[in-house]
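Chains as they are written, first to last, in the working numbering: chain A, 307 to 486; chain B, 278 to 541.
Because the hints were derived from the structure by calculation, they are not lab data.
This one's a predicted model, so the numbers in the text were calculated from it and none came from an experiment.
Please note that a few of the clues may not be correct.
From chain B, some residues computed to sit far from chain A (all C-beta separations above 10 angstroms) [unchecked claim]:
1) Asp-400
2) Ala-420
3) Met-452
4) Asp-504
5) Thr-525
Restricting the straight-line Cα-Cα distance to at most 30 angstroms, the calculated cross-link-like pairs of lysine-lysine (DSS-like) are [to be verified]:
6) A:Lys-457 to B:Lys-510
7) B:Lys-438 to B:Lys-462
8) B:Lys-462 to A:Lys-457
9) B:Lys-477 to A:Lys-373
10) A:Lys-383 to B:Lys-462
C-beta atoms are modelled at their ideal positions from N, C-alpha and C, and glycine is treated no differently.
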Amino acid sequence: MILRQHKSTVISLVALLAGSAWAQGGKAPSVSFAPVSVVTAPRAAQTMVDLNFRVASGFHINSNTPKSEFLIPTNLKMDLPTDIILGKIQYPAGKDLVFPFSPDEKLNVYSGDFTIAVAVHPLHAVVPGKYVMHGVLRFQACDNAQCFPPKTLPVSFEVKVVKEPPGPRHNPAQSPHIHN
Amino acid sequence: MAVDDKSYTTAIDQSQGRCPKCGAPLERGSSFDPQADAAGTIICGACGAPHSVSDVAGGKPQADGGAIQPQMSAGKRNPFALVVVALVAAAMLYFGFHMARRSAPPAITKSGPAPDFTLQSLDGNSMRLSDFRGKAVLLNFWATWCGPCKIEMPWFIELQKQYQAQGLQIVGVAMDDSSKEDIAKFAQEMGVNYPVLIGKEAVGDAYGGVPALPESFFIGRDGKIVDKIIGLKGKSEIEDSIKKALNTEPANSQSATAALQPQK
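Could you build the full structure based on these sequences and the hints that come with them?
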């Protein structure tokens, strides 16, 4: 019991010290990723997974389709295990906004919360079980007066691959003979 | 219950120097060489039972003269020792973060000498900051992906024309991952009339890391930084800083050289 009490104290102390040092160390990340609960994906079927991101207040990032060739688009790149196919990544439409630094030109951006959907398609040969998908979100953030170099944010979620649901049952052929 | 010799360490009857299992003598010397066994275990030559070196070196004799004792379980460890270890770990974490911060690029101070550098320009020539000795320099860090930087560029073009005769030289440093061709295309589209250099991380570090763009340093004729602007500000503010830089006196040749020593 004493040991348990000390353990909790020690863990709290370490977390506090590390946290305070971290808080003092530079600007907070401008984009965060909300953890995803385990996604159940039947084999041989496509399952959509929503990945939720939040751009910190006061910041914006370019959408996946910015209006200038020189702007860096937000891009999700997933590394997938073998036999699990990644379908199309669906990016949300950005908002056309005018900023003080760009009064004559609207920029297509993400701000606040936004969701990127990823289609996961386990092949028939995949052994049922849990698989972790890893990837990175690349983005380039700005506020109203300055821009920050492009960054990558690690993204991961867990997929529980299950057997495909049984197909529709067909009634067995009826014998034309009636046995008395 | 059978005792597994691998799981337990037998205590040694140090007073007699004998193996508690079989009674054979355990003597220091040829049969006991702590340096030879990194795991700290000696094996009885007679019965092959393992014994801990610590027991031989400083262990207390066992009351039963050789009963097999299990090692102390983790749950019986002194909790205060754990607290001390954790405190040390926490302190290391804390100071580690601080050390990491200290190793970050140094902040550039106003009135300090502007770090010299050599970078390649868009036309492929090498250019040194000290090439502009005697002029007031506006050193502008920018990137093609930086919207606010794009706003400043027309102002810089106008200011370069306006103050060129008085000795102003604007120098752009592109902190881009883009190719030189893309940067050149962007600069051409913007109609830039001042040299644009291809930036390097080391140069950014020399100027405080340049964590956000745009960032401009105003360097006097004496090679010292007179002002710095981070982020997009008004044109008049930039102009005021240019005037500050133009109002400086060129240093004599010796001190100017010292102020513009290349970065090692």
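Hint check:
With a least beta-carbon separation of about 20 angstroms from chain A, B:Asp-400 lies farther than 10 angstroms from that chain, consistent with its non-interface assignment. Separation of B:Ala-420 from chain A is inadequate, the least Cβ-Cβ distance of about 7 angstroms not exceeding the 10 angstroms criterion. Its beta-carbon lying about 7 angstroms from the closest one in chain A, B:Met-452 breaks the requirement of being farther than 10 angstroms from that chain. At roughly 17 angstroms from the closest C-beta of chain A, the C-beta of B:Asp-504 stays outside 10 angstroms, upholding its exclusion from the interface.
The claim that B:Thr-525 lies off the interface holds: its Cβ sits roughly 27 angstroms from the closest Cβ of chain A, which is beyond the 10 angstroms cut-off. As the CA atoms of A:Lys-457 and B:Lys-510 are separated by approximately 25 angstroms, the hinted pair is consistent with the 30 angstroms bound. Straight-line distance between C-alpha atoms of B:Lys-438 and B:Lys-462 comes to about 21 angstroms, which keeps the hinted pair within the 30 angstroms bound. In summary, the hint linking B:Lys-462 to A:Lys-457 is supported, as the alpha carbons are separated by about 24 angstroms, within the 30 angstroms threshold.
Distance hint between B:Lys-477 and A:Lys-373 is fulfilled; the C-alpha atoms sit about 27 angstroms from each other, no more than 30 angstroms. Between A:Lys-383 and B:Lys-462 the alpha-carbon distance is near 28 angstroms, which keeps this suggested pair within the 30 angstroms criterion.
Against the hints set out earlier in the document, violations occur for numbers 2, 3.
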